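Trainee: Okay, here's what each chain looks like letter by letter:
There are 2 protein chains.
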Amino acid sequence: MTVPGVATVEAVVEAGGAGTGRVMTRVDQRMVELVSNHGELLARHGSQTITAGGKRLRPLLVCIAAAVPVEESEALVRAAVAVELVHAATLVHDDVIDGADLRRGRPTVVASGGRLLALATGDLLFSRAFAELAAGDKIEPIRVLSAAASALASGELMQRDDAWNSHVGQERYLDRCRLKTGVLFRASCELGALAGGAPSDALGRFGEGIGVAFQLLDDILDVTGPAERTGKPRGTDLLDGTVTLPLIEARKRDPELASLDLRSVETADQAAAVCDQIEASGALDFARDHALAVVAGAKAGLPEWLPETQRNALELVADGVVERYS
Amino acid sequence: MTVPGVATVEAVVEAGGAGTGRVMTRVDQRMVELVSNHGELLARHGSQTITAGGKRLRPLLVCIAAAVPVEESEALVRAAVAVELVHAATLVHDDVIDGADLRRGRPTVVASGGRLLALATGDLLFSRAFAELAAGDKIEPIRVLSAAASALASGELMQRDDAWNSHVGQERYLDRCRLKTGVLFRASCELGALAGGAPSDALGRFGEGIGVAFQLLDDILDVTGPAERTGKPRGTDLLDGTVTLPLIEARKRDPELASLDLRSVETADQAAAVCDQIEASGALDFARDHALAVVAGAKAGLPEWLPETQRNALELVADGVVERYS
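Residue numbers (our numbering), protein chains in the order written: chain A, 14 to 339; chain B, 14 to 339.
Take every hint as true, because none was put in to throw you off.
Only pairs whose alpha carbons sit at most 25 Å apart, straight line, appear in this in silico SDA-like list of lysine to any residue:
| no. | chain 1 | residue 1 | chain 2 | residue 2 |
| --- | --- | --- | --- | --- |
| 1 | A | 151 | B | 86 |
| 2 | B | 151 | A | 213 |
| 3 | B | 151 | A | 212 |
| 4 | A | 265 | A | 277 |
Here are a few chain A residues that sit away from chain B, every Cβ distance over 10 Å (derived from the structure):
| no. | residue |
| --- | --- |
| 5 | 38 |
| 6 | 299 |
| 7 | 301 |
| 8 | 302 |
Please keep in mind that the hints were generated in silico from the structure rather than gathered at the bench. Just so we're clear, the structure is a prediction, and the values are computed from it rather than from any experiment. Built from N, CA and C at the ideal position, the CB exists for glycine as well.
Make the full structure from the sequences, and use the hints.
Mentor: The following block contains the structure:
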């Protein structure tokens, strides 16, 4: 999965004000601490995916949603660390399912340590996320994160349920994007707003939109490639039986794709050929336009009362998500 | 894994007073509700291991530790459900690792739905456990449960780290038992005591002792069998490279076992032969005596101020754990 470039993240950190950079540094330090404080085994295998790489997009949203004045807040650092831990836990578990060897150019936990280790590592990261929040004295952040974590798992179950099912439509697909990715982005914004002392549903909605667009663009990249950029061959979703918007839309436009039996796509070459056909149908432009519209809607929905600095930083994150695609 | 018989659980429920039975019924109802409220897929596969079977030993400890007067407490039901959800999550994930087909005589989630489904189901149960506690207004129970869940995962990591390592000694083994099983029993007692309004470290220590003994006896049963009783062939731990007290002690007594290369035990027949040799060394009696001493210590450590009813019920649970072995 590609993420916004370092340049974008740096721009956001700068736009967020001096406090953002300091909080993000503490988040990084805390992640390293957590991984090294749970035994040699976690330190050896966990550090690969957890402390290395990743642009910390969700912690960044937590910081920005909180606005700068709470820069010294322990609660803010804890919230940012907690969402990143949940995210890291899902990555480690995802790699178990996919049997993936590399993530962010480094060996995955499952590749270097095996399934048992990867499963326990994911469970540990998950538990630590809640322990992190429970070290504070507020119950509301835990409600937000446990609901988001439940939604994430429900999204995975939904994806499993919908696998190879060519009748999955746009609405159900978008609902899955919301569960799989949107809710944790939403939770990031909500947790930040809570830590900043100003709970905000509007910021939560912004986060959800950005997350849905992020997932949509990721699904488009799976069709377009190139592999050097995404780190996986084109058409991985097709081979997994995961039906995404590009395919849903392309089937409306191309009768040959409409009658395609998804299970007949078995090789990388066949998958690449179907990707070409999806692209030729114009479905990718449709899907990308949808993602851009979601991002535009998220930006337009930002509340008027937001301080300029905060608005600029949030808009930069939104633009960064879109830039992944271009 | 065998559990105390229905007769024992019924005796405990009776000893715990009328309220215990009512709370346990609500715990069961809530578990069924949770599994059926998260989509058709979870309901179909999850109900197998989650709502069916299991003697609800941990929820029972929560109830008894709380003492009867809080029978109508929502917080008590939530705490009992939360520990059982964490336990269920670890079972579902354990079955992914072991590729187990049956649990409690029914198909496992991984057997009926595959790895992705089982992994997501475990993650969902895990998240719901914290959501369940977060529905209350107290932070302390979440601290207790997240610490226990972290310890569980650390115990799994430790077991992975120690696999095939013949230098693992008794102390390290017992520490692993504490992490893998003791802490969730401890958390059950602590959560119950919290819900009852009387936080108690003494009850927590009792729970930990019972849990460690439970694990020890489980490890002995792996050596003694019979398979019809434990639901798995004798010597499964040996084949997994899991070094337990019976083997650790037997190696001190039998030079042939001391020089055995654990990786050379590859077939069920070889494992059964090593089990016979462990038994012949007298190590099982040693391990069982240790477990009984731990249980006796746990009972002796129960605080003097405990009401008679509560003490009786806790002692019945302790005896039930021992009876599994006989």
